[in-house]
Every structure is written in structure tokens, then in C-alpha cells.
Amino acid sequence: MAVLRVLNVNGDDRVEWDPEVADDRMRRARALFDAKLRAGWFAFEADREGGGSQIRTFDPKKDEIVLQPPIAGG
Amino acid sequence: MIPAIEAHARAERLLHAHLTAAQREEYTATGQISIVKYGVVWAILLRQLAVVLPIVPLLAVPMWRTLGVVLLAIVVVALAPFWVSRFSLAITRRREWVISGRSAPVLRARGRAVRFCVRFTEDLPAADRVLAWKNLIELSEPTFLKTANVM
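For the protein sequence lines, the chains are A and B, in the order given.
In terms of this note's numbering, the first sequence has 46 at position 45, counting the first letter as 1, and numbering is strictly consecutive.
In terms of this note's numbering, the second sequence has 29 at position 16, counting the first letter as 1, and numbering is strictly consecutive.
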């Protein structure tokens with residue numbers, strides 16, 4: 002199973018889907034991902050070694066994607 | 014919304030799963046993690062140089078050369094107070110970021126600590142903030158620096 006984690010006041014909310022099945026869960030994850038990025042959120046693909054990379058498009062094959070809120074200030 | 018103590022525990026579990034072994038050890042011992050970055054931050058240098066770029070063509074035209082030099086001098090003098098700190102940061106070979114859930118990341122470079130007035134736009138448990146700062150600094154440092162007005 003792949004998982005999209007949305008960091009929030011609860012810790013995180015999760016949407017899980019099967020990378021091999023294009024069903025409602027995957028569509029829901031994609032819609033959430035797109036909506037958050039349009040709102041300025043950041044998306045990072047996490048690897049198992051504590052690293053990862055920033056991503057800007059939804060890839061259902063990724064094992065784990067973390068969405069985190071925008072930053073402000075300066 | 015779930016109780017804060019449960020949210021905190023969930024965030025701690027998530028953070029621990031995303032730290033390297035060394036970071037996990039440091040976080041357990043001190044409640045913070047350190048990230049060391051090396052090399053020039055080209056995004057800062059290029060962005061600052063882009064400010065004077067529109068003036069450079071004037072220098073190539075004999076009739077406008079004097080005006081170009083004067084304009085360039087004015088811009089350089091006016092921006093010098095901002096450039097000194099930005100260039101100093103951009104060309105530092107070793108930058109150490111200290112990340113905790115209590116504040117925005119602190120940058121240690123050239124023997125001094127730089128604090129930034131930057132925050133997340135949503136409320137997050139402390140451990141989530143550590144994870145989110147870690148992601149930004151490790152994987153998208155220029156984004157952080159741009160928001161912090163370093164670029």
C-alpha cells in the first residue's frame with residue numbers, strides 16, 4: 002500500500018491506496034495532493050533511509066508522500 | 014480533532030520513522046537535529062546578480078556608459094548592506110542548520126548563529142514541525158531561504 006500523509010494539528014491524516022489499482026482511493030489521494038499543492042503546500046517523497054526528494058506532481062507509484070503546510074515570514 | 018497528547022505521540026512516531034539513525038540518536042538526546050550543508054548557494058548569488066543585470070547593457074553603449082557606471086555604483090552602494098550578509102551566507106562552504114520544534118531553524122555559519130522569523134501557516138505538533146523543517150532544509154533549502162528573505 003502507498004500512503005499520502007497530510008501533516009496537521011492531529012499529527013497527520015492518511016490516505017492509502019494500492020499503486021496497482023486505479024480506484025477511488027487513488028483518485029482521492031491525487032485530488033488531495035493537487036488541491037494542497039495549488040494552495041502552496043510542499044510535497045516530499047520519503048525514502049526508508051531518512052532522506053527523500055521534493056515532488057511537484059502526484060506519482061501513485063511512490064510508497065510514501067508527505068504533504069506539509071506552506072511557510073510564511075521573512 | 015484528537016487529544017493533543019495523542020497527536021503529539023503520533024507526530025513523534027512519524028518523525029522517528031523519517032530520521033536517519035544519527036538524527037534519531039541526536040533528537041532523542043537533545044530534542045533537536047543538526048543538518049550540515051556544503052557548497053555555494055547559487056540561487057542566492059544568481060538572484061542578487063540579476064538585480065544589476067539590466068544595467069550592464071548600458072556599459073556597452075559608449076553614449077550611456079557614464080550613466081551606466083553611475084547607476085551601477087548607486088545600486089551597489091544602496092544594496093551593499095543587504096548583500097554583505099547574503100553573499101557571506103551564499104559562499105559559506107559549511108552551513109549547519111539546527112532544527113527543533115520550538116522555533117524556526119537556526120543557521121550556524123562562520124561562527125555566528127542566524128535566526129529566521131519564519132513559521133508554518135498551520136498549527137502542527139512540535140515533532141511534525143521538526144519533520145517539516147527537516148524536509149525543507151534538506152530537500153528544498155532555497156525555498157526556505159527565499160521565504161526568509163535571504164534571496
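Do not rely on the hints blindly, as some may be mistaken.
Label pairs and their in silico Cβ distance ranges [as the list claims (entries may be wrong)]:
(1) A:R49 x B:R115: 22 to 30 angstroms
(2) A:R28 x B:T134: 22 to 30 angstroms
(3) B:H21 x A:L38: 44 to 52 angstroms
(4) B:V82 x A:D14: 52 to 60 angstroms
(5) A:V22 x B:I15: 27 to 35 angstroms
(6) A:R28 x B:H21: 28 to 36 angstroms
(7) A:K62 x B:I48: 54 to 62 angstroms
Keep in mind that the hints were calculated from the coordinates and are not lab data.
C-beta: ideal position from N, C-alpha, C; glycine also.
Return holds or violated for the Cβ distance of H21 of chain B and L38 of chain A against the range 44 to 52 angstroms. 27 angstroms, violated
Please check whether V82 of chain B and D14 of chain A have a Cβ separation lying inside 52 to 60 angstroms. 58 angstroms, holds
If you check the beta carbons of R49 of chain A and R115 of chain B, does the distance land in 22 to 30 angstroms? 28 angstroms, holds
Just to be sure I understand the hint, the distance between the Cβ atoms of V22 of chain A and I15 of chain B should be within 27 to 35 angstroms; is that true here? Between V22 of chain A and I15 of chain B, where Cβ atoms are some 29 angstroms apart, the hint holds.
Given the hint of 54 to 62 angstroms, is the C-beta distance from K62 of chain A to I48 of chain B inside that range or not? Hint violated: Cβ distance 28 angstroms, outside 54 to 62 angstroms.
Can you tell me whether the CB distance of R28 of chain A to T134 of chain B sits inside 22 to 30 angstroms? Taking Cβ atoms as reference, R28 of chain A and T134 of chain B lie about 27 angstroms apart, which means the hint holds.
Okay, R28 of chain A versus H21 of chain B on CB: inside 28 to 36 angstroms? For R28 of chain A and H21 of chain B the Cβ distance comes to about 32 angstroms; the hint holds.
In terms of the numbered hints stated before, the structure departs from hints 3, 7, listed from lowest to highest.
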